[in-house]
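Colleague: Residues per chain, in single letters:
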Amino acid sequence: MNTGPGWCALLVLALVGCGGNSGSTSVSGTDAASLRNSPAGVSTLAFMDLELIRPDALSGASGLPAGVGPVVQSPAARPAGLAAHASLGSSPVTLGFTNVTGANGGVMSGTITLAWATVGATTTYTETFNDLTVTMTVQVNGQPATRTWVYAGTQVIAVTGTTAVFSIPPAGPDPGSITATLTDNTVAPPVVKTWKFGISSQAPLTMDWTIPAAVSLAGEFSFTLPGVDLITVDILPPLTWNTTTQPVCSYPLSGTLTLDLVNAAAGASSASVTFGPSCGHAAFDGASLTLGGN
Amino acid sequence: MRFPLASLFLLCALPAFGQGAPGRWFLDLHWFQPSLSGHYQGTSGGNAFDVDLVNDLGLAKGSTSLGFGVEYQGPRFGLTYSRDAQDYRGSEVMTRDIVINGQTFAANTLVNSSVKAVNNTLNWTIRCLRRPGFWLGLDLGVRATEYHVDATGFNALTEVYATANYKGTLPMPQVGPALGFNALQDRLLIRGFYHGFAYERASYGHAGADLRYFPVAWLGVMAFVDSERSRVPQGALKGNWDATLDRSGAGLGLVARF
Numbered sequence: 265m266n267t268g269p270g271w272c273a274l275l276v277l278a279l280v281g282c283g284g285n286s287g288s289t290s291v292s293g294t295d296a297a298s299l300r301n302s303p304a305g306v307s308t309l310a311f312m313d314l315e316l317i318r319p320d321a322l323s324g325a326s327g328l329p330a331g332v333g334p335v336v337q338s339p340a341a342r343p344a345g346l347a348a349h350a351s352l353g354s355s356p357v358t359l360g361f362t363n364v365t366g367a368n369g370g371v372m373s374g375t376i377t378l379a380w381a382t383v384g385a386t387t388t389y390t391e392t393f394n395d396l397t398v399t400m401t402v403q404v405n406g407q408p409a410t411r412t413w414v415y416a417g418t419q420v421i422a423v424t425g426t427t428a429v430f431s432i433p434p435a436g437p438d439p440g441s442i443t444a445t446l447t448d449n450t451v452a453p454p455v456v457k458t459w460k461f462g463i464s465s466q467a468p469l470t471m472d473w474t475i476p477a478a479v480s481l482a483g484e485f486s487f488t489l490p491g492v493d494l495i496t497v498d499i500l501p502p503l504t505w506n507t508t509t510q511p512v513c514s515y516p517l518s519g520t521l522t523l524d525l526v527n528a529a530a531g532a533s534s535a536s537v538t539f540g541p542s543c544g545h546a547a548f549d550g551a552s553l554t555l556g557g558n
Numbered sequence: 634m635r636f637p638l639a640s641l642f643l644l645c646a647l648p649a650f651g652q653g654a655p656g657r658w659f660l661d662l663h664w665f666q667p668s669l670s671g672h673y674q675g676t677s678g679g680n681a682f683d684v685d686l687v688n689d690l691g692l693a694k695g696s697t698s699l700g701f702g703v704e705y706q707g708p709r710f711g712l713t714y715s716r717d718a719q720d721y722r723g724s725e726v727m728t729r730d731i732v733i734n735g736q737t738f739a740a741n742t743l744v745n746s747s748v749k750a751v752n753n754t755l756n757w758t759i760r761c762l763r764r765p766g767f768w769l770g771l772d773l774g775v776r777a778t779e780y781h782v783d784a785t786g787f788n789a790l791t792e793v794y795a796t797a798n799y800k801g802t803l804p805m806p807q808v809g810p811a812l813g814f815n816a817l818q819d820r821l822l823i824r825g826f827y828h829g830f831a832y833e834r835a836s837y838g839h840a841g842a843d844l845r846y847f848p849v850a851w852l853g854v855m856a857f858v859d860s861e862r863s864r865v866p867q868g869a870l871k872g873n874w875d876a877t878l879d880r881s882g883a884g885l886g887l888v889a890r891f
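Respectively, the protein sequence lines represent chains A and C. In terms of the working numbering, the first sequence is residues 265 to 558. In terms of the working numbering, the second sequence is residues 634 to 891.
Simulated from the structure, these hints should not be mistaken for laboratory data. There may be inaccurate statements among the hints.
Chain A is faced by these chain C residues, among others (derived, beta-carbon under 8 Å) [stated by the list, open to error]:
#1 Gly675
#2 Ser677
#3 Ala681
#4 Asn741
#5 Leu790
#6 Val793
#7 Ala795
Just so you know, these numbers come straight off a predicted model, no measurement behind them. No residue lacks a Cβ here, since even glycine has one placed at the ideal position from N, Cα and C.
Produce the complete structure using the sequences and hints provided.
Modeller: Laid out in structure tokens, this is it:
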């Protein structure tokens, strides 16, 4: 209905002018400490730590992360069928961590045992996390307190040419997973939580480094806090690293993790973590976190 | 619509046709819970909005309280004031980023929301044409709806918690034709109206009908329908708003007259 006359427009404008408005907003939990300790942070940061040593580095296509290297060359006489490795020496080898920063900004210590064998065109690496520990020290009421993550378990990486497929062998007392145990001494009493890292058998983690400037990783993995949280993570678009730039960046420069949570109490929830564009930058549903930062 | 409305103004300026019944007062208590839908995209008070009330927030009818009305209906004029309030609630996981009063709720966030709408309507009815049992007139008034919007978002994965609230009043002029009938020795009263206007490409329409039956002379029951529709296409108003708002429903009440 168009009444047309100017008085009507004036009346409308006068009335709209009378319409006041007010409001407020708030947001919490986007600080780095909160994001790191959230389920999304745990899944992302622990995954970055567990896959810090990429298969392109194991195969000699790129270097190991700074501070990671063989600490013990053994045994002197390797079993028959195991091939020598150009950069790592002979299998198995124990890799130690010196002044390496974890994805959550903590200090990494401990070792990983790496064994490998080549059959035909495929070299299979068995990576055993012995006591790899990430220790983060924070100030609580003016006193230093620690949060530690201890990784334990085994993953297998089968490399064929410039492609690697990840899996976790279904063996041992806790088949099919690597444990990531948090001991949080910043609260009293200390909290201990043991997450389980799993790799999808339907869409296994697969890395390709045919193009050194776009090393890519795709697939699905999961983190489970038994009885509480089940988080499945789909990598799409793939995470990409660039091995040709200096300084070398240990973290993806692009790619997205899509996380889906089923929580025993709260139900379902989703989030996304997008990497890049700069080294170590990740956006948790738009909230920024610097990997390896404080 | 320009000619009919102008004609109505002309009619209203003419002397009254005959003498009508003496004026009466009406007091009512009513229950009204209309549906609510619409979307808002633009800037208000310097803060951005981008939200759909149903598709994003999943707002549905919540609680409602009794409203009331006070009227004086004279032979040539009527004056009406009514007030009612409704609550709407929603709880949805966002499928896209939404913005309420400048606060972004990211996709995948569970957002619990509530909207309270408080309506105050003041109307002056001029009966331009009167016949036994029938009248035709013009409504002039204003309807101010105060909206209280609250939203809280929590993502169990990122554990980010966000809140936004907004309080705003939307006053709309009520100008348009009205008509009424009465029958059964004044036991049955029926009224209807359409209020609307357009400005630039924005438009507003408000239509309603009201039926009252008095089994006893002083006390009756009322049933009514009411539909309100606003359209503000992008670029039509300041703030670059793109907005729609629809509310419609039926109500019931008790009405006393003396």
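Colleague: Tell me the hint numbers this structure goes against, listed in increasing order.
Modeller: 1 and 3
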